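Student: So the chains spell out like this:
Protein chains: 2
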Amino acid sequence: MRATVIYGPRDIRLDEVPDPAIQRPTDAIVRVTAACVCGSDLWAYRGIEETRRPHRIGHEFVGVVEAVGAEVRSVLPGDFVIAPFAISDGTCQHCRNGITTSCDRGGWWGARDADGLLADGGQGEAVRVPYADGTLVATPEAPEPALIPGLLALSDVMGTGHHAAVSARVTAGSTVVVVGDGAVGLCAILAARRLGAERIIAMSRHAPRQRVALGFGATDLVAERGEEGVARVMDLLGGAGADATLECVGTRESMLQAVDVTRPGGSVGYVGVPSGGAEFPIRTMFARNVNVAGGVAPVRAYLPDLLADVLKGQLDPGGVFDLVLPLTEVADAYAAMDSRTAIKVMLRT
Amino acid sequence: MRATVIYGPRDIRLDEVPDPAIQRPTDAIVRVTAACVCGSDLWAYRGIEETRRPHRIGHEFVGVVEAVGAEVRSVLPGDFVIAPFAISDGTCQHCRNGITTSCDRGGWWGARDADGLLADGGQGEAVRVPYADGTLVATPEAPEPALIPGLLALSDVMGTGHHAAVSARVTAGSTVVVVGDGAVGLCAILAARRLGAERIIAMSRHAPRQRVALGFGATDLVAERGEEGVARVMDLLGGAGADATLECVGTRESMLQAVDVTRPGGSVGYVGVPSGGAEFPIRTMFARNVNVAGGVAPVRAYLPDLLADVLKGQLDPGGVFDLVLPLTEVADAYAAMDSRTAIKVMLRT
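Chains A and B supply the protein sequences, listed in that same order. Sequential numbering from 266 applies to the first sequence in the working numbering. Sequential numbering from 266 applies to the second sequence in the working numbering.
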């Protein structure tokens, strides 16, 4: 079968690799229907993260179960499943607390687990899924093709945007600012609307992303950044600042901006991987009682609820995919994400 | 009348000062019954904060209303009142949000307000109280003398400990770690118990403070600090970390320790004024979804609830006062706090 392998900066190839096989009784084999490229895949692509040896990549996919190990109970061959971006056993104390990304036995696609066993990357034709019961979520029946993009978005970006909103305690009537207009930021808008936010200010300066933001429920757009952007938000909110700010970038500038637009006693929900000297301004936060909550989104824990809404037609995050390519063109998919000509690329197998 | 004036490092004097008078229709004059010395008063006493010119000091007091301005509605001459450590008008958007320490018009005892009017310090025989309706809370009747220490603790340390517990979302059944065994840390133990915490681990190495901690509801004591202290807490909590950690110190070491003993998805409630290069370890927090919330405690907002419990005899934070001195010995009170021979000193007028 074929799967995406990263060799180094800007060197993405679709290689012939061995077919996956059940290696543990808790494994499943999933035939991939669709996968996608994540902003965090670009870290290795851009050389910010070193690629010491070629390895499989990708951590967002949906597909159909082909085989299951002897101990798997919750999914059966033939089931359509969504794989979140982290592997989790579903039974350890952290999984029971809903923080599946801190699972005692789980791990990451494309990386080795505690026993040295390598998990497959997700951008391939098939994947061995460890801890299938804990990791995968099946739909009740095979979904219509039109639902695939929305379901695929549940593997990462929608759950991550939702984590930002939940962490910032968005609730009915909240005033919300979303920092970042990538796929996660756009999904955070959807999540804030779903939780009943009254006002959703999207900080975005790119026309195509602004359009998606408005379609997803943004009530206001702010194109300015830095001090000017903060002043514009304050102006829109009558000088008070937002109840909840969803930080979906992770840089030093975006984090400071997020704290500055939040009202005293409000919360920043942050899900952008901290980079570029990002830090929390502790004295500002202390003086104004601005709280920060978030981190690596426990997408698996949110999947059942979000899936139910997608299946009912009440939630459609599929609009973040503005480019669909066959898996054979995965190198072009990375290039489009890298140049920001696409918001998010879906790969069809 | 006499009031405490700070002249410079370790130079505290009880000076003769003019009697206070109503200067605005929203003022009240309070004859002080008892005041106290705060850990933060020691910043100026130790010279960490510069004292450019002598000024009145102290921000925790209780007393009896002597006179009120024409617009004051909620307190009357003769009322026994508690003054929180910050002045707040009770009507601005931040006060309505419960963050009285961010009041648009409020300010700090001993400092100038936006109009250049100087607020009195609290360690004196009488005090002019700005925004009396927003700032003061009256008891229904004159309290028994035995209640005075508990009521005085509501002016700062008890409300601040409570803010740590509320910010860290302590709830029935929580496992809690309290970092810091000063008066605020000890009150945080009381607050955690009041909110139903099941397990309260106090990190304390001083026998007299350990005794108060146990009396206030600590279930375990950990004398070790740093990595050793973290390991000991993890051992007590079965390797998981605490649901909620109450950080009541504010140094770099205490903040890192607080984050390290918190479980994935748990929260640090922090109320220690950040000092000594304190920072939040953003990458650790992101990886483990450890949240931080807190800041300058909006004590005024919590006062009615906490006061009700003190008056019912269900809450008694008065035990933090292990030394009572007359106001004439205020210099000794500072010295005792500075040398940590006293946990907290009460000054009787």
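What the hints contain is simulated information worked out from the structure, not anything from laboratory work. Check the hints yourself; a few may be wrong.
What the hints assert, rightly or not - A partial selection of chain A residues facing chain B, derived with a Cβ cut-off under 7 Å:
hint, residue
1, E314
2, T316
3, P319
4, H320
5, T356
6, Q358
7, A505
8, P529
9, G530
10, P539
11, A543
12, I547
13, R548
14, T549
15, N556
16, G560
Claimed, not checked - Far from chain B, some chain A residues (derived; all Cβ distances over 12 Å):
hint, residue
17, P342
18, S367
19, D508
All figures in this text were calculated on a predicted structure; none of them were measured in a lab. In this text, a Cβ means the ideal position worked out from N, Cα and C, and glycines have one as well.
Student: State for each hint whether it applies.
Tutor: Cross-check of the supplied hints:
1. Nearest Cβ of chain B to the Cβ of E314 of chain A: about 14 Å, over the 7 Å cut. The hint is violated.
2. Restraint check, T316 of chain A versus chain B: the minimum CB separation of about 21 Å is more than 7 Å; hint violated.
3. Hint status for P319 of chain A: violated, given a least beta-carbon distance of 26 Å to chain B, over 7 Å.
4. With its C-beta approaching chain B no nearer than about 21 Å, H320 of chain A sits outside the 7 Å limit, and its interface hint is violated.
5. The closest approach between the C-beta of T356 of chain A and any C-beta of chain B is roughly 14 Å, which is over the 7 Å cut-off, so the hint fails.
6. Interface restraint check for Q358 of chain A: the shortest CB-CB distance to chain B comes to about 5 Å, inside 7 Å, so the restraint holds.
7. At its closest, the beta carbon of A505 of chain A sits 5 Å from a beta carbon of chain B; the interface hint therefore holds under the 7 Å criterion.
8. Hint on P529 of chain A holds. Least Cβ distance to chain B is approximately 4 Å, under the 7 Å limit.
9. Using the Cβ-Cβ criterion of 7 Å, the hint placing G530 of chain A at the interface with chain B is satisfied: the shortest such distance is roughly 4 Å.
10. With its C-beta approaching chain B no nearer than about 5 Å, P539 of chain A sits inside the 7 Å limit, and its interface hint holds.
11. About 6 Å separates the beta-carbon of A543 of chain A from the nearest beta-carbon of chain B, less than 7 Å, and the hint is met.
12. Hint on I547 of chain A holds. Least Cβ distance to chain B is approximately 5 Å, under the 7 Å limit.
13. For R548 of chain A, the interface hint holds, the least distance from its beta-carbon to any beta-carbon of chain B being 6 Å, beneath 7 Å.
14. Hint status for T549 of chain A relative to chain B: violated, with the closest Cβ pair at about 10 Å, above 7 Å.
15. Checking N556 of chain A against chain B: minimum C-beta separation of about 4 Å stays under 7 Å; hint holds.
16. Checking G560 of chain A against chain B by beta carbon gives a least distance of about 4 Å; that is within 7 Å, so the hint holds.
17. Every CB of chain B lies more than 12 Å from the CB of P342 of chain A, the least distance being 33 Å, so the non-interface label holds.
18. Listed as a non-interface residue, S367 of chain A fails to keep its Cβ farther than 12 Å from every Cβ of chain B; the least gap is roughly 4 Å.
19. Distance check on D508 of chain A: its Cβ comes as close as 9 Å (rounded) to a Cβ of chain B, failing to clear the 12 Å threshold; non-interface status is violated.
Going down the numbered hints, you'll see the structure goes against 1, 2, 3, 4, 5, 14, 18 and 19, while the others check out.
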